[in-house]
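Asks: One-letter residues, chain by chain:
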Amino acid sequence: MTVRGDTALELGAAIASGGTTSVAAVTEYLAAIDAREADIHAFNLVHAERALESAAMVDRRLAAGEKLGPLAGVPIALKDNMCTRGIPTTCSSKILKGWEPPYDATVVERLTAAGVVSVGKTNLDEFAMGSSTENSAFGPTRNPHDLSRVPGGSSGGSAAVVAAGFAPLALGSDTGGSIRQPAALCGVVGLKPTYGSVSRYGLIAFASSLDQIGPFSNDVADSAALFDLIAGHDPRDSTSIPKPHVPCLPAIGRGVEGMRVGLIKELMGDGEIEGFQPEVIAQTKAAAAALEAAGAIIEEVSVPSVVYGLSAYYLIAPAEASSNLARYDGVRYGQRVEGPSTAAMHTASRTAGFGPEVKRRIMLGTYALSAGYYDAVYGKAMRVRTLIIDDFARAYEKVDLLLSPTSPCVAFPIGDVADPLTMYLNDVCTIPSNLAGHPAISVPFGTGEADLPVGVQLLGPLLSEPTMFAAAAVLEAAAPSTKSAEVRA
Amino acid sequence: MLAIPEDELATYTEQLAAILEHANDVEALDIDDVEPTHHPYPLANVFRDDVVEAFDGRAEVLANAPAEEGGMFRVPPALGEEP
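Residue numbers (the numbering used here), protein chains in the order written: chain A, 0 to 488; chain B, 20 to 102.
Just so you know, these hints were derived from the structure itself, not from any lab.
Just so we're clear, the structure is a prediction, and the values are computed from it rather than from any experiment.
Virtual Cβ for every residue (Gly too), placed ideally from N, Cα, C.
Each hint should be verified, as a subset may be incorrect.
[To be verified] Okay, the calculated beta carbon distance ranges per label pair:
no., chain 1, residue 1, chain 2, residue 2, range
1, A, S16, B, V71, 24 to 30 Å
2, A, A449, B, F92, 50 to 56 Å
3, B, D49, A, A37, 53 to 59 Å
4, B, T30, A, P87, 45 to 51 Å
5, A, V486, B, Y31, 39 to 45 Å
6, A, E271, B, P55, 20 to 26 Å
7, B, D52, A, S322, 54 to 60 Å
8, A, V245, B, P55, 25 to 31 Å
9, B, A47, A, S369, 35 to 41 Å
10, B, A47, A, A449, 37 to 43 Å
Make a model of the complete structure from these sequences and hints.
Replies: Here you go:
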């Protein structure tokens, strides 16, 4: 029998009922990886043997009558910035090459406890800095829908894994759009949860006040189930929300009758922010119409300060990164380049170990935090953050959720965007949610230029994930049918 | 510190200048009366009991070190050398 046509929840149910085994499922997915990974390069590491051992263990636990939850035995891929004990974790950086974490991230512990089986670590832009996965020290990931194009980023490897059918689930991290934008470009579902809802313990830090781990899947319900598994308070992350998680899976199927959804006026291509492809705007309007047809009330809503989001983000995120990345000094782990003194060794190790985008952000962040510029640059950006939160609050007095494109454009050709600032513009729709700490989900909705996938984004206030999943399931059901990446291959 | 070679300086300067120019829109805003947001979720200070927990990964930590000696990280001279 074939398991790769099943959703993750269907596969989990089949494994739980004895219809198939985790070993059979993992074996089939590993074969799919073998067949096409050389073309796509979604992974930094596939640990096949370890995956099969874990799968056999899950099968034994289930056979012994243990209750493991709806995703037990299902394969998953992890972005290579999440710590996995004894398994190399690189952040796609030369500076961490060969590093084996001495502990598991909380999300990894939770997956293991629930019997979800990791098959490998996925490629990313170095330290999650980028929107195309081209900034990886180990080479770019290719979009499974068109191998000449990027998968988006920075979680491009995780998005490509799900689109290529290498695993039905993946985890990514989202600091300015790094789950949602690659989800959109690869035609899969991706959630950036409320800041603090998923523990960041063991997630290698980029910008600590913005980073959040979240799920990828082909199916909306699968992302809800995976989010339910990884969410919840963790005393090891002091920013973790100390409240019980409200399960999202039961929200699937609730529908949108009477729900108020606002189209964000500033992100519809006819305002100050430019660069939106007309097909992307058309699909976003079609998504709004689909929600309306299902009983939602659609209106246009203004969130004026989103136009400052990009500027604020590219001051705040590098500032936090320049501080977080100070730890890579060649002393305790990673690559060392020897020098005559400790200080010379630090400089030589960092200069050789970091790629150009990481260096740019360290310099930018150091500038933003430097004496004399701190208030004018960093302080100002932190105040813009408040403006955005206040604008969102006003919008959510009128509507339950907001809707926008996820990315202004479909997947672009590898090597096409050479200028860093132009690359940053990819994140214009996704950044505001990170600055506000709000959740947002990207759902595939039809295709755009060159018949490539388009994603639309639902945004909501803090902890509104259940409402968001209810609406996302409606969009999924109404989305125009498109070719899967496997059919294209 | 990062050492940027001479031939890369012009490129970085140009790129960083373009990014900072884009950020001028934020610097131009008159928002001194707006409170800055340092953190998106309203949490007060978080405390926990100061309890010692066992950590069994000492050997793994040291195995990752570029240079180790007697259970410690070994580095080049830190004093008395020009950086």
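Asks: Give a verdict on every hint.
Replies: Hints versus structure:
1. Take S16(A) and V71(B): their Cβ atoms lie about 45 Å apart, and the range 24 to 30 Å is violated.
2. A hinted range of 50 to 56 Å holds for the C-beta pair A449(A) and F92(B), which are about 52 Å apart.
3. At roughly 55 Å, the beta carbons of D49(B) and A37(A) sit within the given window of 53 to 59 Å.
4. The given range of 45 to 51 Å is broken by T30(B) and P87(A), whose C-beta atoms sit roughly 32 Å from each other.
5. The hinted range of 39 to 45 Å is satisfied by V486(A) and Y31(B), whose Cβ atoms lie roughly 44 Å apart.
6. Between E271(A) and P55(B) the CB atoms are about 24 Å apart, so this pair conforms to the stated range of 20 to 26 Å.
7. Remark: the range hint 54 to 60 Å for D52(B) to S322(A) is contradicted by a beta-carbon distance near 27 Å.
8. V245(A) and P55(B) have their C-beta atoms about 30 Å apart, which keeps the hinted 25 to 31 Å range intact.
9. Distance hint check for A47(B) and S369(A): the Cβ-Cβ separation is about 20 Å, which falls outside the suggested range of 35 to 41 Å.
10. Here the CB-CB span from A47(B) to A449(A) is close to 38 Å, well matched to the stated 37 to 43 Å.
Hint check: violations occur at hints 1, 4, 7 and 9; the rest are consistent with the structure.
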